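S.K.: Protein chains in written order, with our numbering: chain A, 51 to 153; chain B, 3 to 84.
Careful, some of the hints might be misleading.
With a Cα cut of at most 30 Å, we get these calculated DSSO-like pairs of lysine-lysine [unchecked claim]: (1) LYS59(B) <-> LYS103(A); (2) LYS59(A) <-> LYS70(B); (3) LYS123(A) <-> LYS40(B); (4) LYS59(B) <-> LYS40(B); (5) LYS59(B) <-> LYS69(B); (6) LYS51(B) <-> LYS112(A).
To give an idea of the interface, some chain B residues facing chain A are shown, with a C-beta separation under 7 Å as derived from the structure [claimed, not checked]: (7) MET38; (8) LYS51; (9) VAL74.
Just so you know, these hints were derived from the structure itself, not from any lab. Keep in mind the model is a prediction, meaning the values are calculated, not measured. Each residue gets a CB set at the ideal place from its N, CA and C atoms; glycine is no exception.
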Amino acid sequence: MKAIQQDLKRLEATDTQVLGVSMDSPFANKAFADQIGVTYPLLSDWGGDVTRKYGLYVEKYKAARRVNFLIGKDGKILEEQVDKDAIDPTRIVDTCERPKLKN
Amino acid sequence: MQKKVPKVLAAMLGVAMVVSGAAPARAQVKQTEAGMPKLGDMAPDFNMKYFDGSELKDVSLSQYRGKKNVVVAFFIFAFTGG
């Protein structure tokens, strides 16, 4: 989540809103955001309904997988980064900065 | 007073009864629980809350439609890694 924070200005410059999501409470997520210096919202999927809807619920850990989605203005998924690949958001930032997405 | 049901009304009632037997809706499962949405799929809408330090705020994916791209970053647990 810190890596995305480091790229936040570049993402925002391309008309992109960043949202983190976990199954923690909103209050735990706020404390986590403050601790690591994240300024974008960390949403609470308490109960895991959204995590399940996205096919990311891992029964063994009772939690989500680490996945980034880039969703276009039309609501369609443009990029996905899964598990370890999701740690470095460079590919998503690059896609956002491609000229056709800047409109 | 003489009451007469107009023929037109009777005909309409008959038609209404026939039409009400509508075609069965087809069961559509676009997103199974096991699978992630793929590139090009519509991202499932959501509505979740976050705490901004003073109050809980609602965020939905659909509020950005036509306005902004959205990065949705699922993480496993707060306070684990970065």
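S.K.: Under the constraints set out in the numbered hints, which ones does this structure not fulfil?
M.R.: Of the numbered hints given earlier, the structure breaks none, since each of them holds.
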